[in-house]
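Novice: Residue strings, one per chain:
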Amino acid sequence: MVDIENPTSLINKDYESIELVIFAEWIEDFERLANLGVGLILEPGDDVYLIQNQLDLIDLIALDFSNFDDGRGYTQAYLLSKRWKYVGEIIGINAHLDQLQFMIRSGVTSYQLLESYKGSNEEDYSNGFSLCYQAAANNNGLNLQY
Amino acid sequence: MYKYSEKDTQFLVERVDQFEKQLNRYLSGELDEDKFRSLRLRNGLYMELHAHMLRIAIPYGILSSNQLRALADVADKYDRGFGHFTTRQNIQFNWIQLPEIANLLRDLTDVGLHAIQTSGKATRNITADPLSGLTEGEIEDARPYCELIRRWFNLHPEFSWLPGKFKIAINGAKLDETALRIHDLGLRLVKNKKGELGFSVYVGGGLGAAAMIGPETASFVPIEDILSYLESVMRIYNLKGRRDHQKKLRIKFLVRELGAAEFSRLVDEDWQQTKNDPELKLNLKELQSLKEDFELPIDPIDLKGFRDEVDFNYSIWKKNNVRSHKVSGYSIVTISLTKLGSAPGDATSEQMRILAKLADQYSSREIRTTKRQTIVFPFVRKDEVFDLWKSLEEYDLSSPHQGTLAQIVACPGRDYCDLAKAVSIPIATRVQERFNEMNKLLDIGDLNINISGCENSCAHHHIADIGLLGMQKNGEEYYQITLAGETLHETNIGKKLGPSVSSETVVDAVENIVNVFIDNRKSEEKFTDVFKRIGIEPFKEKVYG
Ligand code: HEM
Ligand code: SF4
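Keeping their order, the protein sequence lines are chains A and B. When you line the first sequence up against the numbering used here, it's residues 1 to 146, in that order. When you line the second sequence up against the numbering used here, it's residues 1 to 545, in that order.
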């Protein structure tokens with residue numbers, strides 16, 4: 001157990017449990033936290049530009065997509081993944097099934113759904129698109145047509 | 001005429017399948033009201049006072065006759081036999097049943113029509129000058145650019161959940177028929193000193209309660225760099241736009257709060273990081289191929305010796321509805337759907353089929369829609385204009401109103417819209433009844449009257465010569481009057497005349513304003529010319545006495 005405020009944790013893509021810190025705490029104390037090997041939660045309103053030069057200190061970044069209509073997470077994902085080439089895992093948390101295509105194509109590398117989608121049939125949500133019209137962070141196997 | 005490829009059509013089908021799943025989950029109770037709202041709007045579906053309204057995109061206002069026939073079929077099969085052409089060149093159906101929507105949309109995919117992003121907080125259908133490619137002196141035909149930009153922002157993963165809606169207009173002509181500076185983003189095709197083509201960009205225009213004219217954020221963006229520039233604008237908006245205040249969602253509020261200079265600086269800073277990314281360059285090969293697809297379907301013809309028919313009614317109609325074409329031997333014909341008592345922009349399925357048939361016969365199977373809610377036939381041979389008029393007469397479609405004040409733009413207002421504060425269509429009817437003498441209308445000449453039923457300004461009343469805005473005072477319907485709005489030569493928001501007037505007196509007020517104009521007009525002066533010369537006072541005196 002590392003020494004952080006309000007500890008939460010999640011399971012990363014390698015099935016390891018990883019401790020998460022919130023943005024304000026990271027900004028305050030990133031030098032110490034970096035040594036502990038923590039992940040960071042970004043809320044939509046957190047200024048992602050402030051961590052641009054600290055990316056190699058962060059093991060994992062969790063973007064919070066709980067608010068269905070708040071699209072800032074997509075730009076955060078794009079900046080981290082395509083522009084700044086962050087190599088760690090970018091995990092979309094509190095994700096909505098209807099928005100997976102947008103998250104993944106913006107650069108999110110894995111996701112954890114909101115509780116409320118437990119038991120949903122993912123088939124009902126799949127998009128089945130055969131092409132996309134723009135080069136984004138990740139074209140997710142779609143044919144690019146523009 | 002440009003047509004979607006098989007792949008594009010396949011995409012439309014896939015989008016309908018996706019929407020159908022969303023709809024089914026809503027109907028079964030699995031999807032809650034809020035999320036469904038967000039999803040359905042992105043596919044043009046509004047839940048209205050009496051029924052459900054579905055908006056279908058007419059990209060840059062161009063329809064083939066087959067597409068128009070398909071819309072007529074939709075009107076009969078799924079609505080009450082009519083559709084409504086909007087000021088953003090789209091078409092809306094007002095009486096749609098939820099469970100039928102997927103079938104309706106599937107019917108339309110066959111002719112390449114869809115409802116993608118016709119509403120909701122994403123980039124909307126792109127508007128262009130309805131006369132694109134047709135008139136002399138154009139800088140460049142905007143349509144291929146419209147199409148490339150439309151594609152790029154189709155379900156764009158980063159920009160599909162913006163703070164508010166995002167409307168783009170593109171103009172390639174010298175005069176601005178698109179009203180680009182009252183759009184969230186306006187693009188004007190320009191040439192630089194070296195003769196290279198690019199865009200000047202205006203961001204943050206919009207009407208509504210806080211009407212604003214978009215400032216220029218870049219004076220020249222080379223055409224191949226436009227996608228990355230647009231992405232940068234949307235990125236700054238997505239991150240910094242107001243999401244906390246329902247009435248401040250549009251980008252105009254962000255631009256105003258930051259100041260145009262700071263906003264432009266932020267966009268530019270972002271753009272410097274991406275403008276050289278080869279993936280974001282406009283696909284010039286595709287542009288070339290689109291230019292070929294959009295080539296005019298006609299060649300010049302020599303009509304030496306042709307003399308047009310002489311007929312009193314025909315010449316009145318012709319004066320207002322026919323304009324010259326850049327291709328010799330051809331004319332551009334506008335058809336007004338305006339009828340006393342019917343909603344401006346409404347067309348019955350029968351009218352749509354007649355128009356489609358006439359377009360087959362007289363206009364190379366192409367039809368355009370305009371922001372004045374009229375229909376344009378873009379390719380009519382000069383020696384067939386009379387025959388076309390005869391046919392229009394026969395079907396009661398030869399209204400000479402276009403180009404007169406009787407061609408009123410009005411939103412659905414309280415008759416159909418649950419946001420309305422007042423009626424719009426009945427006021428339009430009363431104005432038309434007051435000015436029902438053709439000689440008088442011809443004498444007054446072209447004068448725009450636009451009527452919105454609330455501050456959302458769907459009818460663009462701010463940019464009309466005479467704008468009427470419906471409001472409530474002590475439970476009664478009142479109208480605020482604005483004068484001398486314009487976009488064609490320069491962009492100006494109409495000035496408030498004074499206190500709002502009651503529903504009973506509003507038509508008198510309009511007549512008084514028109515009379516001040518006529519009494520003061522010199523030779524060829526337009527309403528805005530007179531207004532600039534004499535100021536607002538004479539109008540005030542006459543209306544408020
Ligand atoms: C009855 C159904 C309608 C509803 C509920 C509706 C609702 C709205 C709302 C809420 C806005 C303001 C959005 C904002 O500023 O964020 C708006 C704007 C607009 N609407 Fe509608 N509308 C309807 C029908 C129409 C029709 C029939 C037209 C075309 C004739 C139209 C054209 C427009 C335009 C052009 C704007 C943008 C005005 C601006 O630049 O600010 N709407 N509408
Ligand atoms: S202006 Fe107001 S009343 Fe008219 S359609 Fe728009 S929202 Fe409805």
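Note that these hints are calculated values from the structure, not bench results. All values reported here derive from a predicted model rather than from experimental measurement. Here a beta-carbon is modelled for each residue, glycine too, at the ideal position from N, C-alpha and C. Incorrect hints may appear among the rest.
Unchecked claim - Cross-link-like lysine to aspartate or glutamate pairs, in silico, EDC-like; alpha carbons within 16 Å at most:
id, chain 1, residue 1, chain 2, residue 2
1, A, K13, B, E393
2, A, K118, B, D277
3, B, K240, A, E43
4, A, K82, B, E30
5, B, K35, A, E43
6, B, K248, A, E43
7, B, K21, A, E16
8, B, K165, A, D56
9, A, K85, B, E30
10, B, K21, A, E122
11, B, K21, A, E123
12, B, K240, A, D29
Unchecked claim - Covered by chain B, according to a simulated footprint, are these stretches of chain A (three or more residues, beta-carbon under 8 Å):
id, stretch
13, 10–18
14, 25–39
15, 127–140
Stated by the list, open to error - Pulled a few chain A residues facing chain B out of the computed Cβ check, cut under 8 Å:
id, residue
16, T75
17, Y78
18, S81
19, K118
20, E122
21, Y146
Novice: Against this structure, judge whether each hint is valid.
Specialist: Consistency of the hints with the structure:
1. At most 16 Å may separate the alpha-carbon atoms for a hinted pair to count; A:K13 and B:E393 exceed this at roughly 71 Å.
2. For the suggested pair A:K118 and B:D277, the alpha carbons sit about 40 Å apart, so the restraint of at most 16 Å is broken.
3. Between the alpha carbons of B:K240 and A:E43 the distance comes to roughly 14 Å, so the proposed pair stays at or under 16 Å and holds.
4. Distance check on the hinted pair: A:K82 and B:E30 sit about 35 Å apart at the alpha-carbon level, beyond 16 Å; violated.
5. As the CA atoms of B:K35 and A:E43 are separated by approximately 20 Å, the hinted pair breaks the 16 Å bound.
6. For a cut-off of 16 Å, the pair hint linking B:K248 to A:E43 is broken: about 21 Å separates their Cα positions.
7. Restraint check: the Cα-Cα separation between B:K21 and A:E16 comes to about 35 Å, which exceeds 16 Å; the hinted pair is violated.
8. In summary, the hint linking B:K165 to A:D56 is not supported, as the alpha carbons are separated by about 36 Å, beyond the 16 Å threshold.
9. In summary, the hint linking A:K85 to B:E30 is not supported, as the alpha carbons are separated by about 38 Å, beyond the 16 Å threshold.
10. A hinted pair counts as satisfied when its Cα atoms are at most 16 Å apart, and B:K21 with A:E122 qualifies at roughly 11 Å.
11. For the hint linking B:K21 to A:E123, the alpha-carbon distance of about 10 Å falls within 16 Å, and the restraint holds.
12. A distance of roughly 26 Å separates the Cα atoms of B:K240 and A:D29; the hinted pair therefore is violated under the 16 Å criterion.
13. Given a C-beta distance limit of less than 8 Å, the hint that chain B covers the stretch 10–18 of chain A is violated, as 0 residues qualify and 3 are needed.
14. Check on the stretch 25–39 of chain A: 0 of its residues sit with their Cβ under 8 Å from a Cβ of chain B, so the three-residue criterion for coverage is violated.
15. Under the rule that three or more residues need a Cβ within less than 8 Å of chain B, the assignment of the stretch 127–140 of chain A holds, with 11 such residues.
16. Proximity of A:T75 to chain B holds as hinted, the smallest CB-CB distance being about 5 Å (cut-off 8 Å).
17. Hint on A:Y78 holds. Least Cβ distance to chain B is approximately 5 Å, under the 8 Å limit.
18. Given hint, A:S81 at the interface with chain B, is violated; its Cβ is 11 Å from that chain's nearest Cβ, farther than 8 Å.
19. Interface restraint check for A:K118: the shortest CB-CB distance to chain B comes to about 13 Å, outside 8 Å, so the restraint is violated.
20. This hint is violated: A:E122 has a C-beta 11 Å from the nearest C-beta of chain B, more than the 8 Å allowed.
21. The interface hint given for A:Y146 holds, since its Cβ lies 5 Å from the closest Cβ of chain B, which is under the 8 Å cut-off.
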